[in-house]
Amino acid sequence: MSNNGDAPIEARTEAVAAALIANKHLSAEDLAHFVHMAEDWRPQNGARVVARAWTDAAFRERLLTDATAACAEMGYAGLQGEYIVALEDTPERHNVIVCTQCSCTAWPVLGLPPNWYKSPEYRARVVREPRRVLREMGLELAAEISIRVWETSAETRYMVIPLRPAGTENCSVDELAALVTREALIGVALAAAP
Amino acid sequence: MSNNGDAPIEARTEAVAAALIANKHLSAEDLAHFVHMAEDWRPQNGARVVARAWTDAAFRERLLTDATAACAEMGYAGLQGEYIVALEDTPERHNVIVCTQCSCTAWPVLGLPPNWYKSPEYRARVVREPRRVLREMGLELAAEISIRVWETSAETRYMVIPLRPAGTENCSVDELAALVTREALIGVALAAAP
Amino acid sequence: MDGIHDLGGMQGFGPVVVEADEPTFHLQWQAKAFALMVATQVVMRSHNTDEYRHSIERMNPAHYLRADYYERVLTGTATLLVEKGVLSAEELEVAAGGSFALAGPIAADPMLALTPQPEPRFAVGDCVRVLPIHPAGHVRAPQFCRGHEGLVLHRAPRFRFPDTSAHAGPHRKEHTYHVEFAAADLWPGEGAANDTVVVDLWDSYLEGVRA
Amino acid sequence: MDGIHDLGGMQGFGPVVVEADEPTFHLQWQAKAFALMVATQVVMRSHNTDEYRHSIERMNPAHYLRADYYERVLTGTATLLVEKGVLSAEELEVAAGGSFALAGPIAADPMLALTPQPEPRFAVGDCVRVLPIHPAGHVRAPQFCRGHEGLVLHRAPRFRFPDTSAHAGPHRKEHTYHVEFAAADLWPGEGAANDTVVVDLWDSYLEGVRA
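Residue numbers (my numbering), protein chains in the order written: chain A, 3 to 196; chain B, 3 to 196; chain C, 10 to 220; chain D, 10 to 220.
Source of the hints: derived by calculation from the structure; they are not laboratory data.
It should be emphasised that the depicted structure is a prediction, and the values quoted were computed from it without experimental measurement.
Please note that a few of the clues may not be correct.
List time: in silico SDA-like cross-link candidates among lysine to any residue, alpha-carbon distance up to 20 Å [what the hints assert, rightly or not]:
id, chain 1, residue 1, chain 2, residue 2
1, A, LYS120, D, LYS93
2, B, LYS120, C, GLN37
3, A, LYS120, A, GLU94
4, B, LYS120, C, ALA98
5, B, LYS120, C, PRO32
6, C, LYS182, B, ALA40
7, B, LYS120, C, VAL26
8, A, LYS120, D, ASP59
9, D, LYS93, A, ALA21
10, A, LYS26, A, ALA40
11, D, LYS93, A, GLU84
12, B, LYS120, B, ALA40
13, D, LYS182, A, GLU84
14, B, LYS26, C, LEU140
15, A, LYS26, D, ARG75
16, D, LYS182, A, LEU81
17, C, LYS93, B, GLN82
18, C, LYS93, B, ALA40
19, B, LYS120, C, ASP59
20, B, LYS120, C, ALA165
21, B, LYS26, C, GLU158
22, B, LYS120, C, ALA29
23, B, LYS26, C, LYS93
24, B, LYS26, C, VAL95
25, A, LYS120, D, VAL26
26, A, LYS26, D, MET53
27, C, LYS182, B, GLN82
28, A, LYS120, D, VAL91
29, B, LYS120, C, PRO24
30, D, LYS93, A, GLU138
31, B, LYS120, C, GLY156
32, B, LYS120, C, THR33
33, B, LYS120, C, ARG62
34, D, LYS182, A, TYR85
35, B, LYS120, C, MET53
36, A, LYS120, D, VAL103
37, A, LYS26, A, GLU16
38, B, LYS26, C, VAL27
39, A, LYS26, D, LYS182
40, A, LYS120, D, ARG75
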């Protein structure tokens, strides 16, 4: 049976929080701590990793060999970043990330996942009809480009290294990072043209 | 996306009915006709079929050979009764009916299906864990009795002929029919003791 | 389509609740929704039963699970009336005084190229396997039996083939078979050693298995 | 469990809607629900991540699809706090001022007897098949790949085996593998000849396939 008669979600959340704090299982500071932590996980982190990989061949090697260490080197580590694998796009192959069973994501480099990534729409469809989903989201891939959809079913957390856009030879690392959105890090968009 | 902002279901139903009647596609009498028809489809019809099968060996033979004709002989025929098959329980085998993909039922002999039969709960569970579902519904079957679950995926419409209860040797056909509920005709209950 | 309607075997649902002496209809709108469903098919001949079943299957899964049975009946019927051009979504929303969620569109390529089988290929006692198909349109082979082997218990008469019937494909009728599957094969680990599930399947959905 | 959470490949859903410049949290209660989810696991150690994921899987499917992501987060967390005896459902309802739907119970027999595989059995380039299992409890092999063959692309380190970890089974760690499946094999007829799906699978879920 569906349960439409629930108390408002704000009241239910507060009920749990207040009870745990009243019983001294947790403090208000504990909760504030994790909210702040989440706010520090930003897709800009992953964008900086990508921009560095585009411009620093030795870092790119380290990133492809051991992304967990390479991201940690830049200060991006922690919960849901225990084993990161970087997926490098090529002209022949495009990578896309999904978590069909819940919504796992590499928090330290991608940030908490956006609503669309957590939606049943994306989770159900992108493994089965990735080309159509990407097209609907504005990314039309040529038929000869193969798509690899990575399902985050275990503890590996993925990030996509999109192709470096043409015409960015003279961009700085910061300018390059600004071309990489959260959507590009997940694989539903390309890195933007400068 | 879920659609919680819909107009009330009464208003939506009335909108369709009023438009079709205004455009002369249908008349109010057409609608009343089918409502009355549905109200004539009653599980008591199937109960009479069962009671007769219990007491009339020749009819039982005809029912097991061609239930569509045998039910029609008693006046039970029509929509969703075009090809009826009767499933006779034995001491070794118990039959249960479900329609996992929608809610198909032999309307003329069982009546329109009850809410529980149409619920996702029943449709999802009874094919997979029939013994547990029957137990929860009050029917505990001995482990050595095998269960056959009949999924109404095509156009065959089923009815169960439950075992005739002990102690009914002197019951009239009407008394016997009164022991057979809709639930017994579907297989989630036995015929009641007199 | 592998939609939410194909519920057989899905876990996570609670108890089945039986209402004693349930009436044919609880509420007037439910009776009207039922009558509209039948009358649009039988009197108006706006669409056939296979199109109708598929229209409900196309409802958004969250709406499907939230809706009462007769809301699904009404939604499927209204969707087809709009798709056939009998009514417009706009006039329905105006008349209803608010939003009126319809089912989603039919897939671009709904039918698989399954060879028609006008003559029955199987007999009682045959062992058959359900093809591991996933048509994007209407299909009546439940997912839980696809790819599995079963035994033919009975051969039923020819009936319209639902996959083509729902999508204006060529006229086609085929026999269906009552095929028995071992529950222990469908769902290993559920511990139902002597239980079986019988599914009524069109000839096209099956292939023979050599003994 | 074969629950509503295992959405991969389900049809009937509409477009994916992207919000530009989405904030980390839209509403304050969402931030609090997230923090409660993390803090109950990391600070309180009330339950582990596998138990947590499974608690959400156990939500009634209609509730699951209706709920916002953070309502699922809160519901799973609250369910475990009640099941572990930290809080009572009654006190939560009193404090919330109304009903507070929790997830359903854990299945009676949630774990299958899959042989532990402490040493990796497969290497990059191996062909493997996912076992056609249907555990009633937590499992992280999505239904869409069960029974299918794929190619090992990468071997990851050992991680807790989710099926036993979620159900207080023996301590167990196993390697996972990035296994690539041909989309045309998973969903024939979708026309994605050169597309693939890579699933990260624990050793126990797999069997070797002779070339």
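So, going through the hints one by one against the coordinates:
{"no.": "1", "hint": "LYS120(A) <-> LYS93(D)", "result": "27 Å, violated"}
{"no.": "2", "hint": "LYS120(B) <-> GLN37(C)", "result": "18 Å, holds"}
{"no.": "3", "hint": "LYS120(A) <-> GLU94(A)", "result": "28 Å, violated"}
{"no.": "4", "hint": "LYS120(B) <-> ALA98(C)", "result": "27 Å, violated"}
{"no.": "5", "hint": "LYS120(B) <-> PRO32(C)", "result": "14 Å, holds"}
{"no.": "6", "hint": "LYS182(C) <-> ALA40(B)", "result": "28 Å, violated"}
{"no.": "7", "hint": "LYS120(B) <-> VAL26(C)", "result": "11 Å, holds"}
{"no.": "8", "hint": "LYS120(A) <-> ASP59(D)", "result": "18 Å, holds"}
{"no.": "9", "hint": "LYS93(D) <-> ALA21(A)", "result": "14 Å, holds"}
{"no.": "10", "hint": "LYS26(A) <-> ALA40(A)", "result": "23 Å, violated"}
{"no.": "11", "hint": "LYS93(D) <-> GLU84(A)", "result": "27 Å, violated"}
{"no.": "12", "hint": "LYS120(B) <-> ALA40(B)", "result": "16 Å, holds"}
{"no.": "13", "hint": "LYS182(D) <-> GLU84(A)", "result": "15 Å, holds"}
{"no.": "14", "hint": "LYS26(B) <-> LEU140(C)", "result": "45 Å, violated"}
{"no.": "15", "hint": "LYS26(A) <-> ARG75(D)", "result": "32 Å, violated"}
{"no.": "16", "hint": "LYS182(D) <-> LEU81(A)", "result": "19 Å, holds"}
{"no.": "17", "hint": "LYS93(C) <-> GLN82(B)", "result": "24 Å, violated"}
{"no.": "18", "hint": "LYS93(C) <-> ALA40(B)", "result": "27 Å, violated"}
{"no.": "19", "hint": "LYS120(B) <-> ASP59(C)", "result": "18 Å, holds"}
{"no.": "20", "hint": "LYS120(B) <-> ALA165(C)", "result": "25 Å, violated"}
{"no.": "21", "hint": "LYS26(B) <-> GLU158(C)", "result": "50 Å, violated"}
{"no.": "22", "hint": "LYS120(B) <-> ALA29(C)", "result": "15 Å, holds"}
{"no.": "23", "hint": "LYS26(B) <-> LYS93(C)", "result": "16 Å, holds"}
{"no.": "24", "hint": "LYS26(B) <-> VAL95(C)", "result": "11 Å, holds"}
{"no.": "25", "hint": "LYS120(A) <-> VAL26(D)", "result": "11 Å, holds"}
{"no.": "26", "hint": "LYS26(A) <-> MET53(D)", "result": "10 Å, holds"}
{"no.": "27", "hint": "LYS182(C) <-> GLN82(B)", "result": "18 Å, holds"}
{"no.": "28", "hint": "LYS120(A) <-> VAL91(D)", "result": "26 Å, violated"}
{"no.": "29", "hint": "LYS120(B) <-> PRO24(C)", "result": "13 Å, holds"}
{"no.": "30", "hint": "LYS93(D) <-> GLU138(A)", "result": "44 Å, violated"}
{"no.": "31", "hint": "LYS120(B) <-> GLY156(C)", "result": "27 Å, violated"}
{"no.": "32", "hint": "LYS120(B) <-> THR33(C)", "result": "13 Å, holds"}
{"no.": "33", "hint": "LYS120(B) <-> ARG62(C)", "result": "14 Å, holds"}
{"no.": "34", "hint": "LYS182(D) <-> TYR85(A)", "result": "15 Å, holds"}
{"no.": "35", "hint": "LYS120(B) <-> MET53(C)", "result": "26 Å, violated"}
{"no.": "36", "hint": "LYS120(A) <-> VAL103(D)", "result": "31 Å, violated"}
{"no.": "37", "hint": "LYS26(A) <-> GLU16(A)", "result": "15 Å, holds"}
{"no.": "38", "hint": "LYS26(B) <-> VAL27(C)", "result": "40 Å, violated"}
{"no.": "39", "hint": "LYS26(A) <-> LYS182(D)", "result": "33 Å, violated"}
{"no.": "40", "hint": "LYS120(A) <-> ARG75(D)", "result": "13 Å, holds"}
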